[in-house]
Structures are given as structure tokens and as C-alpha cells.
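Protein chains in written order, with the working numbering: chain A, 103 to 402; chain B, 59 to 212.
Worth flagging that the hints you see were computed from the coordinates, not collected in a lab.
A portion of the hints provided could be inaccurate.
[What the hints assert, rightly or not] Derived contacts from chain A toward chain B, CB cut-off under 7 Å, selection only:
hint	residue
1	Ala189
2	Met208
3	Gly210
4	Ser211
5	Gly229
Backbone N, C-alpha and C fix where the C-beta goes; we use that ideal spot for every residue, glycine too.
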Amino acid sequence: MRHDHIITAKQLSREDIEAVLDLAAEFDRDLSGQADRHPGKLLALAFFEPSTRTKMSFETAIKRLGGDVIDMGPVEYSSVTKGETLADTVRVIEGYADAIALRHPMEGSATMASQFIDVPLLNGGDGAGQHPTQTLLDLYTIRENAGLDDLTIGIMGDLKYGRTVHSLSHALTNFDTRQHFISPESLKLPRNVRYDLHEAGAQVREHESLEAVLPELDVLYVTRIQRERFPDENEYQKVAGQFNIDLETLEDAADDLSIMHPLPRVDEIDPAIDDLENATYFDQAHNGVPVRMALLDMLL
Amino acid sequence: MTDIDTELRVSKIQNGTVIDHVTGGEALHVLAIIGIDGSGGEAVSLGMNVPSDRMGKKDIVKVEGRELSQSEVDVLSLIAPDATINIIREYEVTEKHRVERPEAVTGVLECPNANCITNAGEPVETQFAVLNDGVRCEYCDTIIREDLTEHIES
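The whole structure should be built from the sequences, with the hints applied where relevant.
This is the structure we're talking about:
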């Protein structure tokens, strides 16, 4: 893989993805035995909005590789509050660290920031845009459980604002996959994602309920319906609960269906599902470490 | 009536630009693109929906004392793909070229996505890739297909 930055899933070819996943699998076999790979390297964590998994797994990943982190800390204690631009912030951080992991609430922020720096930048989520490192750990999890070809995947929930969905759906077009998108009308895929999927020749179908398509699925990727996105609470109430799953929902599912969620969840997945072998969302979160180790190893 | 006859119906200019073969009815949008609203004092002549051998109906815009920049021509190409640009100096056509659809337009359109980083006061120009049927923000991926002229940077 030869990239200066990881900004969007669209920049990743099948070969790129397989190279990252293969290296991640190698690291996964001995996570604690990689400390001689990048001793002394520093990763800057520039997180302008909350994060648990992405931030902590990046931190774990660089430490597992023998490096360390510097952390910008909460936005309210940074120079952002003095009106500093993101362009200036990353140029300053560039002088301190060997790579930057950036999370920012605005779409396109990672693209813009990368234009101002020479050290590698990894997009840890830009608004409702992209989350490519999440996508790589999603693909790693999918490959472990269902393989990446001849795959039927259902992606359900907030498809409009869900950046993990936008990244994942495009990355899946590199493989022999059929994608079913299940959401309320108001949270369907945005125009630009549809455009990309169409251009990539993806096999895509859209649904407003899970019922009909569930038996076909190898993977069900659930995301949270984001209540705060609805302009009208009544509109949310019309769809609330229709996109949640419990043991009863899964009666018609294939026995080997893999259930995923980028987390955090609220009530989309009944905790009774957690104990099933089909529930892979905590493994999915743990896979962020070897996958981000692989990415950092390739970029540093 | 030939195109030449039509052109003569609008007075000649000494120095400036004649934008000919604009899609019928788009002349006011052309003025918006080049930032002319009358307040700058330029002398402007317009012909709208005039007969054209080639196009059936066309608009023609003549602007005294102003030559278009490449970025203006780029955006112009999106709404008037058949337009020809004539640069006039001392009443003579010194340059004549057709607009060409660019691969991208830079610093001309505003992204309609309020959450796009280009709307956050950062030191970057907007950049849009040109699609077959619209344009797409190179930063946030937002696609604009309709009413392109409403997104011209003020």
C-alpha cells in the first residue's frame, strides 16, 4: 500500500485492503510482540469531538508498536477556543509528531488538513463523511466471520449521517458483495454515496424493513438511529423501534449470520443477543487495535 | 436571420468580452457568474432568446471593459456549454474560443453543505469536480445538480 494519508475508503483498492488485513492478522497473533517495530515514534491524537474506541485503539496500537502518543486533549482546553484554524493546528502538531490521527465534526476536514502537512494523517471520522479506519476493522471482522466475497450484507439504521456506513459501503464494492440498505425513508443513503456506488457498479437494494431481506444475509451491520438528527420528534417516534433487533427478530436469520455494530449502541441491539455466537460487535471493537497497528506500520 | 445579423442588433463594444451562443434564457445567470449586477458601472448589452441558425434560440452578452478570467469561463461552461468567448480590443475580435468543460472549478462555487470544512473559515478555496450532470465538492462530496448559479461565491 502506498499512500501518504488515509482519508477515505474510496482511496483503498482491494489490494490495499487485503494488505492491511493480512498484516493486521499477523499482528493479531502476537499483539504484545511488536514493540520493536516503531520505538520512539509519536502519534498525535487530535480529536475535536468525543471518541472512545477510535481514540483508545489508536493509542493502544502505537504503544503496541513501541511508540507513544501525544494528545491534544479536550477541544475546550485547546487553542481552537482562541479561534485557531484547523489548518494551523495540524501544521503545529506536524512539528511534534510522526503521524496524526484526526477526528473532526466537519465533512472534508481530513482532506483539507492533509493538504497542509507532510506527516501521515489518518482520518478518525469527519462529520457525516468518512471513517476509513473503522471500515478496515469492519472488513477485518467480516472477513474473519463470513469472508469478503460472495457476501450478502444488510446495513441498517442511519444511513444518511452514518459515516461508518458511507465508508463501508464503498469499500465493499471492491469485493463480490450484494448490499441491502435498510432505513426509514428520512435516513436513506445520501446522494453522493449513491453516486459512488452506482459508479462502482455495486449491487445495491434499499428497503424500509429488515423482515424480507433478513434470511438472505450473511452479515447484518446495525447502526444507531440518531434521534438528534430528526427535525421533528414525532418523525423519530414513527420509526423508533422498527430498526431495533432482538432474539425474536432473528428467528428467520441464517444460523451463521454475523451481527455487527460500530458502537456505541443505545437500544438497537437487545442485550440478550450479546451472548450469541452471532454477536461480533465487541470483537469488532477489539479488532481496531491490530488493524490500526497495521495502518500505522505501513505509514510510519 | 443569421447569427451575424443577430449580433448586430446589439451594439458593438470597444474593449471587453462578447459571450455568444449562450443557452437561451441563461444570460442573467452568465452575468451572475461574472459578478455583474449593475453596481460596478460596466456597460452591458444583452440579447435573450434571439434566433440562431445553430441553436434555434440563444442569448448573447456583451460586457464593456471586462475580460473574463479562466475560472469564470470554467463555471460558464457548466451552464452554457456551447458558448463562445470573444475578446474585443479596439472594436476588433482579438481572441475567439469556445468554452471547454473543465475537470474541476476552483474558488468559484460555495458548497451548500453548511457542515463542509470549506464553510468553516479555513484558508482553502472551494474545489468542485465536474460531473456529467453537475459538480461535486472535493472536500465533503456534496453533489450539486440543480441551480448551479445560486452557489456562486459572492
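Checked hints:
At its closest, the beta carbon of A/Ala189 sits 5 Å from a beta carbon of chain B; the interface hint therefore holds under the 7 Å criterion. The interface hint given for A/Met208 holds, since its Cβ lies 5 Å from the closest Cβ of chain B, which is under the 7 Å cut-off. Evaluation of the A/Gly210 hint against chain B yields a held restraint, the C-beta minimum of about 3 Å falling below 7 Å. For A/Ser211, the shortest C-beta to C-beta distance to chain B is roughly 5 Å, which falls under 7 Å, so the interface hint holds.
Interface hint status for A/Gly229: upheld, as the beta-carbon distance to the closest one in chain B is roughly 5 Å, under 7 Å.
In summary, this structure violates none of the numbered hints.
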